[in-house]
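Asks: All chains, please: the whole structure from these sequences, using the hints.
Number of protein chains: 4
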Amino acid sequence: MTADTEPDTADTTVLLTGYEPFGEFSSNPASQLATRLDGLDRETYTIVGRELPVVFDRAAAELTAAIDEHDPELVCALGLAAGRHALSLERVGINLRDTSSAGVPDNDERRVVDDPVVADGPGAYFATLPLRAMKAAMRDAGVPTRLSTDAGTHLCNNLLYTARHVSETAATDHEFSVGFAHVPLSHEQAAVRDEGEPSMALETMQKGVLVGLEAACKQESHPDENARAGAE
Amino acid sequence: MTADTEPDTADTTVLLTGYEPFGEFSSNPASQLATRLDGLDRETYTIVGRELPVVFDRAAAELTAAIDEHDPELVCALGLAAGRHALSLERVGINLRDTSSAGVPDNDERRVVDDPVVADGPGAYFATLPLRAMKAAMRDAGVPTRLSTDAGTHLCNNLLYTARHVSETAATDHEFSVGFAHVPLSHEQAAVRDEGEPSMALETMQKGVLVGLEAACKQESHPDENARAGAE
Amino acid sequence: MTADTEPDTADTTVLLTGYEPFGEFSSNPASQLATRLDGLDRETYTIVGRELPVVFDRAAAELTAAIDEHDPELVCALGLAAGRHALSLERVGINLRDTSSAGVPDNDERRVVDDPVVADGPGAYFATLPLRAMKAAMRDAGVPTRLSTDAGTHLCNNLLYTARHVSETAATDHEFSVGFAHVPLSHEQAAVRDEGEPSMALETMQKGVLVGLEAACKQESHPDENARAGAE
Amino acid sequence: MTADTEPDTADTTVLLTGYEPFGEFSSNPASQLATRLDGLDRETYTIVGRELPVVFDRAAAELTAAIDEHDPELVCALGLAAGRHALSLERVGINLRDTSSAGVPDNDERRVVDDPVVADGPGAYFATLPLRAMKAAMRDAGVPTRLSTDAGTHLCNNLLYTARHVSETAATDHEFSVGFAHVPLSHEQAAVRDEGEPSMALETMQKGVLVGLEAACKQESHPDENARAGAE
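Residue numbers (the working numbering), protein chains in the order written: chain A, 1 to 232; chain B, 1 to 232; chain C, 1 to 232; chain D, 1 to 232.
Mixed in with the good hints there might be a few duds.
In silico DSS-like links for lysine-lysine, alpha-carbon gap of 30 Å or less [said to hold, decoys possible]:
#1 A/K207 to A/K218
#2 B/K218 to B/K207
#3 A/K207 to B/K218
#4 D/K207 to D/K218
#5 C/K207 to C/K218
#6 D/K207 to C/K207
Derived by calculation from the structure, the hints in this document are not laboratory data. Quick caveat, the model's predicted, so the values are computed rather than measured.
Replies: Here's what the structure looks like:
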């Protein structure tokens, strides 16, 4: 938000993706956030916001295309998890696709049970964003935030696993850190559903994402201080 | 929001109370709302906002004094219920004081078990604000809202019962309708506690209260359309 | 379970009712318990177990007929509350019928919204069984048990209110104490539903009911030690 | 339970482990089950039941020693997860140790944050017991059961990961399938805690374990029908 007189070559590019609506939901705070934050220029980072399709056969390809186009240092993906009460920074993506657990197919009506994300891929990848530093900053900003070790077995887990796999296997020349955050229902969604689920204001989610990304950018430029999210 | 040419003598005065912090909480969204909305002048109503002490021996007296001073047509009291996910419009106050169920005394360290609110008082009073109309309007505004038949046995229930008892027994000459709403934890409170509880943005609570009061004022001026909250 | 040589004139008769299946449930642990415990002869009490219809127009009449026929000293009614994790001893029945909150009509497809249980009846009645003594004994026996101030607004609340109203208004000559306990889903029900709800073994519910009734009978014979559940 | 006259060479040996009490718990249904089922001889399998210490430095060694001693075809480990409402068949163990998420150290007061279970080990291992067949059989028997992708980051996850690592890396000559099930609190534990947590009868847990193991043994002898739990 500052107008630097110098060229912003030191600026970090963040690719922020958010899944489109799916299943019974006519909106998705994940894509709302990615869309409204697209183009935002902060002191330490610039956001490229993109909506991704809730489709196994297309999400990874669109993500990779966006990485190739924008060469981000950070990739942060967002997805909706109805029932969660806090922003959930997912620590691990597992090599498993199973739409039966969520009870809803992807948006191409595809159902998969107990398939791998990547045949012969490793059992799991850990997120490489500095999740603990992000969580601390987000909580300090008043945003309920948790680390999670359960990204599910649907497209959210699929995206975290895939993005990490891409970064590990040189399917691209780019180097980037990867994280995934589940967001709760928005208050507006919960007001209509009335199923007793927790929810969060979209403004609060946005504050959490921005503060978390800022903490991530600071850590990236001081990697020695990096508290790793996982154990790899 | 309209510029009436007549003097606004027809304006409705709303007494909005909110309990002070108690127990383990250093803040309380209930009193935050009452304080920040004090003096607000809307098209159909004006708010007198007052914080009330979480003290059995003083809350009712301070409420009655505020009623005598401001002669409100509507009395809406707010209290915090950690664990709730929605604004809860309480339908009934029962003649029971029991601090053991919440596990926390009042702010004068007073503990009571199985005492009546009013000796020889009736078993319960129902709220007289038009709770269904309020709920519908609040949900339409995107605010998670529920009717509840469990105001607990602590000061919140105590206030709903007392306010209705005052209005029924002519302890005052004033005529007024009464309601009580439990509010969830604010996001800021939940971020610090990290106990897995739902929370709500203070701005969203505020929107809900304002929209709900507007619906209540409309109903008050058309009592025939009144959908009664209770069965009296 | 003892074989008294004396006539058991001192024996306490307990009327234990349980609601029949309703809504989406093909069984109901409440009626299962009432049926399997019918005729049980314990040292301090004998149980008359009766299933009651989930029908507003018939439940109260059948309850009153059973009271007239068996002249019980204690009336304990059971109902199912999916979502509860513990046996819930309900402290209060309110004068309100509202099937909309549970979202299911009665078994005659009758829907009522915001009607009184008894026109011109008091706002609420408190249970008169010694709930605290019962809870303590049930927990000591390893049965999760809670006091509750929310019996809902469906037939369960209706029965508690009605039974107390009958005992107060001399619709019968009999004198009896009244309580109502909500039971969780049975494990078998929860296994089929798979909706993430808590459940309890039917054997554990049964143990809780028997131990609770024993505690109630002891209190009844020593009324001075009675810790009243409510505030009347 | 049958007394075969033939030698039981076809019999399957199941190593059933259960963690000892830890943290605030003075008992643990996991070790209660392992202890009470030790030596049980069923038609299709025999159980060797062993309690394991909740100690990072010892649990794996004791497990490996028991495998070496008893040469089981199936290894099924049990651990307690307060807050769960169903038996949870864990699908995946991740290479992460973090006692901070549960907020409790191991029983040697050891706290670890973001360490790997096995340095340079793969990100995760999937369970190799036929979890879907087990779940179906357990539910049919009336036992609430779920698949889970979140074994946590404490000793339970550690054991699932370790047992699978041992089986993959020929730290032993033995071939065996591995599974891990989280059990809820027992009713007795929940009755004392009174923290609103779901619970399950120990008898029901036992039935679930026995039925699940029977389903697993049947699948093991017909591997072609095997519905794999994971994606490896």
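Asks: With reference to the structure, classify each hint as holding or not holding.
Replies: Here's how the hints hold up against the structure:
1. A/K207 to A/K218: Distance of about 17 Å is within 30 Å: holds.
2. B/K218 to B/K207: holds, 17 Å
3. A/K207 to B/K218: Roughly 36 Å separates the two Cα atoms, so the pair is violated.
4. D/K207 to D/K218: Roughly 17 Å separates the two Cα atoms, so the pair holds.
5. C/K207 to C/K218: This hinted pair holds, its Cα atoms lying about 17 Å apart.
6. D/K207 to C/K207: Holds: D/K207 and C/K207 sit about 19 Å apart, inside 30 Å.
Checked against the numbered hints given earlier, this structure breaks only hint 3.
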